[in-house]
Amino acid sequence: MTEEITQWSIIETRRRLAKKEINAIELVETYLKRINSLNPSLNAFITVCEELALKEARYYVDHPDKLVEKPLGGVPIAIKDCLCTEGIRTTCGSKILESFVPPYNATVVEKLLQAGAIIIGKTNMDEFAMGSSTEHSYFGPARNPWDTSRVPGGSSGGSAVAVAACLCPGAIGTDTGGSIRQPAAFCGIVGMKPTYGRVSRYGLIAFASSLDQAGPMARNVQDTALLLQVISGYDPKDTTSILKEVPPYCEEMKKPVRNLRLGIPKEYFAKGIDSSIEEAIRQALRVYENLGARIVDISLPHTEYGVAAYYIIAPAEASSNLARYDGVKYGFRAEIPSPDLIHMYLETRSRGFGSEVKRRIMLGTYALSSGYYDAYYHKASQVRNLIRKDFEEAFLTCDAIIAPVTPVAPFLIGEKLDDPLSMYLSDVYTLPASLAGIPGVSVPCGFSPEGLPIGMQILGNYFQEDLLLRLAYIFEQETGLSPKYPSI
Amino acid sequence: MKEGKISLEEVKHIAKLARLRLSENEEELMTHQLNNILLYMEKLNELDTSNIEPMHHAVEQVNVMRDDKLKPSLSSEKALSNAPQQNGVFFVVPKVL
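Chains as they are written, first to last, in our numbering: chain V, 1 to 488; chain C, 1 to 97.
Only chain C is shown next, with the shape it has when bound in the complex:
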C-alpha cells in the first residue's frame, strides 16, 4: 500500500530504525500523517538550490578547542544516580546476546 510519499512498509522500517514499536493503529495513522506532511515538503522542490551551500549552523565556528587538562567532573555515584538499574559501578542492562 503506497498512499503517496511513504508506504506502510516504509513506516514499519523507519520505526525499526528509530527503535519505536508502533501498534497497527499507530502505523496506519503515522503513514497517513507523514504522507500529508511529506507532500507539503514537496514545496521545497520549487526552488533551484543547485549552487547553494547547505547551512548547518547559525553562527559558523570552526574547531572549538580547549586545553587538554584534567578537571573535576561528576562522581560515578552522581552519574549513576538516575539509572533505572545499576550496581554502584556500572549501568546494568538486560542480556544483550
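Just chain V, same shape as in the assembly:
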C-alpha cells in the first residue's frame, strides 16, 4: 500500500485527499517513512522537514474546507535548497550556508504555501547550482534511482531523485544552464524551465542572475502544468519578472497539435550523441507525425558556441553574486587567531566554498578583469545575442523545436569529476535555450539498452509554455511512457 500511495500523481493525491480516502497526516507519514528508508542511500534531501510537514498536515486535517479549496491542498512538495524557506535551513548545497535559516520565503515558496502545498524537505544540489551531476554538493552526491552508481544529473539532482524515487509527488528545481531539464532526463521525469521572467526569482539564491529560473519537476505533464500554474506570475519584488497574464496551463495543455510545425535542429544530432538517444528522439518524431504535426529541418548555427559563451557569462555573474559571502551578514565565518578583516574574508571564503565554486569564481573574475573583459565577457555576450537570433530565425519556420536533452546517458559517479571541461561540454544541448531565455521542457521518451532513462527536449518561443505542455502532454498520452518507477 505504501508504495502505491507514493506513486500517486499530484492530481491523484488531491483526488484521494478530497474524497477522504486518506488524510494529510497519513499521507505525510507515508512519505516520511519512505524518505527515512531511502534517503540514506539516495541522498535526495539535505533537510527533511518532518515536524513542520506534520504540523501543516494537521492543519489540513483540522480544516478540510481549506484542503479542498486550494489547488495543492495537503500535497507534499520538495524544494531545491537554493530557494529561501522562512525558518527552514537553506544551504544552497554549500558549507558557507550550512546553518543559514532565511527570515523570509522565496516568492515561489510563498505561492506554493498559499496554494496549500506542504514542504516535505529541501533537496540536494550542486553547490550554488554549479554542476551537472549533484556531485559538487557539500552534503555528498545524490544518486540516480535507476542505477545508484550513476549521477542523477544536476544541479537540481536532489529534486529529480526525490520525484523519480517517489519520495514526493512533485518538486521545484532551478535551471541556469539546464539544471532542471538535464536531471529530469537522467531520472526519467518531466521538468520545465520556464521563460526567463515567467517565475519570480525573489528569494532564489543568485548564481547567474540573467539566467536563473525556477520551474516544476513531476512524474507527468499534468502535474508539471499544475505546479507551473501555481508558481508563475509577475512579482513586484523581482524587477526582472514579467507582467504578463498566466494562461490556464492545465486546460491549454489538452488542445490538439495537428498542423503544428516541429523544427529539428541538425546541430543537435551532431557527432558525439549516443545512438540510443538519437534513435529515441527520431521515434518520438514519428509519434508527432502520426498526430498530424509537420516536421521541419532547421538550423541553429551557433549551437556549438553555447558552451564557451555560457561558461564565461555564468561564472562572470557568479563571481559578482558570490562576493556577498564574506562571513559578515550570514553564513559561515572562519575562526582565525588574531583576526583582521581581510584575513577573515580570505579564510571564510577559502574554507566555505568547494572546488567547483572556487573554479567558477576564478574564471568569472578573470573574464571580468581589466584587460580581459572585452576578449571574454563582452565577446561572450555578443555570441549570446547570435544564439538568441538563431532561435528567432528558427521560430519563423517552426512552432516548437524537438531535440535531445543530453548527448549522453547518466554517467558514473566520479567519472567526470577530474575534468571540469568535459562536464561542461555535457551541457551542450541545454545551454542555448538558457542563454536565449526561452522555455524548454524535458519529457521521458524511452530507455537506453542499459535501462537508463532518455529525455526529449521541447523548446518554444518566449512565453510559449502552454504550447510546450501541449506537445509534452499528447506525447505522454500517445506513448504512455511516463510514469515508470525505478526498482529500489
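A portion of the hints provided could be inaccurate.
What the hints assert, rightly or not - SDA-like cross-link-like pairs, simulated, lysine to any residue; straight-line CA separation at most 25 Å:
1) V:Lys95 / V:Leu38
2) V:Lys111 / V:Thr239
3) V:Lys237 / C:Asp68
4) C:Lys16 / V:Glu335
5) V:Lys358 / C:Gly4
6) C:Lys71 / V:Leu243
7) V:Lys358 / C:His56
8) C:Lys43 / V:Pro407
9) C:Lys78 / V:Gln114
10) V:Lys244 / C:His57
11) V:Lys244 / C:Arg66
12) C:Lys43 / V:Glu393
13) V:Lys358 / C:Val93
14) C:Lys16 / V:Asp374
15) C:Lys43 / V:Ser426
16) C:Lys16 / V:Tyr373
17) V:Lys255 / V:Pro71
18) V:Lys244 / V:Gly233
19) C:Lys16 / V:His378
20) C:Lys16 / V:Ser369
21) C:Lys5 / V:His378
22) C:Lys78 / V:Glu51
23) C:Lys16 / V:Asn321
24) C:Lys12 / V:Asp374
25) V:Lys329 / C:Val96
26) V:Lys237 / C:Ser75
27) C:Lys95 / V:Ile336
28) C:Lys43 / V:Val408
29) V:Lys95 / C:Asn82
30) C:Lys78 / V:Val101
31) V:Lys389 / C:Pro54
32) C:Lys43 / V:Leu368
33) V:Lys111 / C:Leu70
34) C:Lys95 / V:Asp340
35) C:Lys16 / V:Arg324
36) C:Lys12 / V:Ser370
37) V:Lys329 / C:Arg19
38) V:Lys329 / C:Val92
39) C:Lys5 / V:Tyr373
40) C:Lys95 / V:Pro337
Keep in mind that the hints were calculated from the coordinates and are not lab data.
Fit chain C to the supplied structure of chain V, relying on the hints for placement.
Same frame as chain V, but now just chain C:
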C-alpha cells in the same frame, strides 16, 4: 611559468581579487584547469561579432520603477539573526585597520 592562456602568477593575482586563498596545490591545479577551459573559449574568436550588440538580459526591460512609499521590511532582529557576530544593532567584524 606561462603554460598557455593564464600563468601561475595571474592565478595568484585573480585569487587575490576574488578574496580566495589557494594552497600551492590548488594554485597549480587551477592554473592547469583554467588553461584548458580558456583554450576551449578560443572557439569564440572564430566568429566575427564586430557589428553585434552584446546581450545581457533575456527579456529586455528598461528602468523598472516603483512608487517611493514606505513599506514594512525585515526587523533588525531578524536581519541580524544569521550573523556570525552581532551586538543587537550592528554586524560585528574583526578590526579593519
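For each hint, the structure was consulted:
With a C-alpha separation of about 24 Å, the suggested pair Lys95 (chain V) and Leu38 (chain V) falls inside the 25 Å cut-off, and the hint holds. Distance restraint check for Lys111 (chain V) and Thr239 (chain V): the Cα-Cα separation of roughly 17 Å lies within the 25 Å cut-off, and the hinted pair is therefore satisfied. Restraint check for Lys237 (chain V) and Asp68 (chain C): satisfied, since their Cα atoms lie roughly 14 Å apart, inside the 25 Å limit. Restraint check for Lys16 (chain C) and Glu335 (chain V): satisfied, since their Cα atoms lie roughly 20 Å apart, inside the 25 Å limit.
Among the hinted pairs, Lys358 (chain V) with Gly4 (chain C) is consistent with the structure: their alpha-carbon atoms are about 20 Å apart, no more than 25 Å. With a CA separation close to 21 Å, the supplied pair Lys71 (chain C) and Leu243 (chain V) stays within the 25 Å bound. With a CA separation close to 23 Å, the supplied pair Lys358 (chain V) and His56 (chain C) stays within the 25 Å bound. The suggested pairing of Lys43 (chain C) with Pro407 (chain V) holds, with an alpha-carbon distance near 20 Å, which does not exceed 25 Å.
Annotation: proposed proximity of Lys78 (chain C) to Gln114 (chain V) holds, straight-line Cα distance about 22 Å (limit 25 Å). For the given pair, Lys244 (chain V) sits about 17 Å from His57 (chain C) by alpha-carbon distance, which is consistent with the 25 Å threshold. With a C-alpha separation of about 17 Å, the suggested pairing of Lys244 (chain V) with Arg66 (chain C) holds against the 25 Å cut-off. As the CA atoms of Lys43 (chain C) and Glu393 (chain V) are separated by approximately 23 Å, the hinted pair is consistent with the 25 Å bound.
This hinted pair checks out: Lys358 (chain V) and Val93 (chain C) have alpha carbons roughly 23 Å apart, not beyond 25 Å. Of the pairs offered as hints, the one joining Lys16 (chain C) and Asp374 (chain V) holds, with about 21 Å between alpha carbons and a cut-off of 25 Å not exceeded. Taking the CA atoms of Lys43 (chain C) and Ser426 (chain V), the gap is about 17 Å. The hint holds against a cut of 25 Å. Between Lys16 (chain C) and Tyr373 (chain V) the CA atoms are separated by roughly 18 Å; this keeps the pair inside 25 Å, and the hint holds.
Simply put, Lys255 (chain V) and Pro71 (chain V) have alpha-carbon atoms about 22 Å apart, close enough for the 25 Å limit, and the pair holds. A C-alpha spacing of about 7 Å is found between Lys244 (chain V) and Gly233 (chain V), which places the hinted pair at or below 25 Å, so the restraint holds. Taken as a hint, the Lys16 (chain C) and His378 (chain V) pair is honoured in the structure, with Cα atoms around 23 Å apart against an allowance of 25 Å. A distance of roughly 12 Å separates the Cα atoms of Lys16 (chain C) and Ser369 (chain V); the hinted pair therefore holds under the 25 Å criterion.
Only pairs whose Cα atoms come within 25 Å are accepted, and Lys5 (chain C) paired with His378 (chain V) is accepted, the gap being roughly 18 Å. For the given pair, Lys78 (chain C) sits about 22 Å from Glu51 (chain V) by alpha-carbon distance, which is consistent with the 25 Å threshold. Among the hinted pairs, Lys16 (chain C) with Asn321 (chain V) is consistent with the structure: their alpha-carbon atoms are about 17 Å apart, no more than 25 Å. A C-alpha spacing of about 21 Å is found between Lys12 (chain C) and Asp374 (chain V), which places the hinted pair at or below 25 Å, so the restraint holds.
Distance check on the hinted pair: Lys329 (chain V) and Val96 (chain C) sit about 16 Å apart at the alpha-carbon level, within 25 Å; holds. A distance of roughly 18 Å separates the Cα atoms of Lys237 (chain V) and Ser75 (chain C); the hinted pair therefore holds under the 25 Å criterion. A hinted pair counts as satisfied when its Cα atoms are at most 25 Å apart, and Lys95 (chain C) with Ile336 (chain V) qualifies at roughly 13 Å. Proximity of Lys43 (chain C) to Val408 (chain V) is assessed by CA-CA distance (about 22 Å); at most 25 Å being required, the pair is judged to hold.
Using a Cα cut-off of 25 Å, the hinted pair Lys95 (chain V) and Asn82 (chain C) holds, with the two alpha carbons roughly 14 Å apart. Taking the CA atoms of Lys78 (chain C) and Val101 (chain V), the gap is near 10 Å; set against the 25 Å cutoff, the hint holds. For the hint pairing Lys389 (chain V) with Pro54 (chain C), the CA-to-CA distance comes to about 12 Å; that is within 25 Å, so the pair holds. For a cut-off of 25 Å, the pair hint linking Lys43 (chain C) to Leu368 (chain V) stands: about 18 Å separates their Cα positions.
As the CA atoms of Lys111 (chain V) and Leu70 (chain C) are separated by approximately 24 Å, the hinted pair is consistent with the 25 Å bound. Between Lys95 (chain C) and Asp340 (chain V) the CA atoms are separated by roughly 5 Å; this keeps the pair inside 25 Å, and the hint holds. Distance hint between Lys16 (chain C) and Arg324 (chain V) is fulfilled; the C-alpha atoms sit about 16 Å from each other, no more than 25 Å. At most 25 Å may separate the alpha-carbon atoms for a hinted pair to count; Lys12 (chain C) and Ser370 (chain V) meet this at roughly 15 Å.
Between Lys329 (chain V) and Arg19 (chain C), the direct Cα distance comes to roughly 17 Å. Compliance with the 25 Å bound is thereby established for this hinted pair. Between the alpha carbons of Lys329 (chain V) and Val92 (chain C) the distance comes to roughly 9 Å, so the proposed pair stays at or under 25 Å and holds. Taking the CA atoms of Lys5 (chain C) and Tyr373 (chain V), the gap is about 14 Å. The hint holds against a cut of 25 Å. For a cut-off of 25 Å, the pair hint linking Lys95 (chain C) to Pro337 (chain V) stands: about 12 Å separates their Cα positions.
In this structure, every one of the numbered hints holds.
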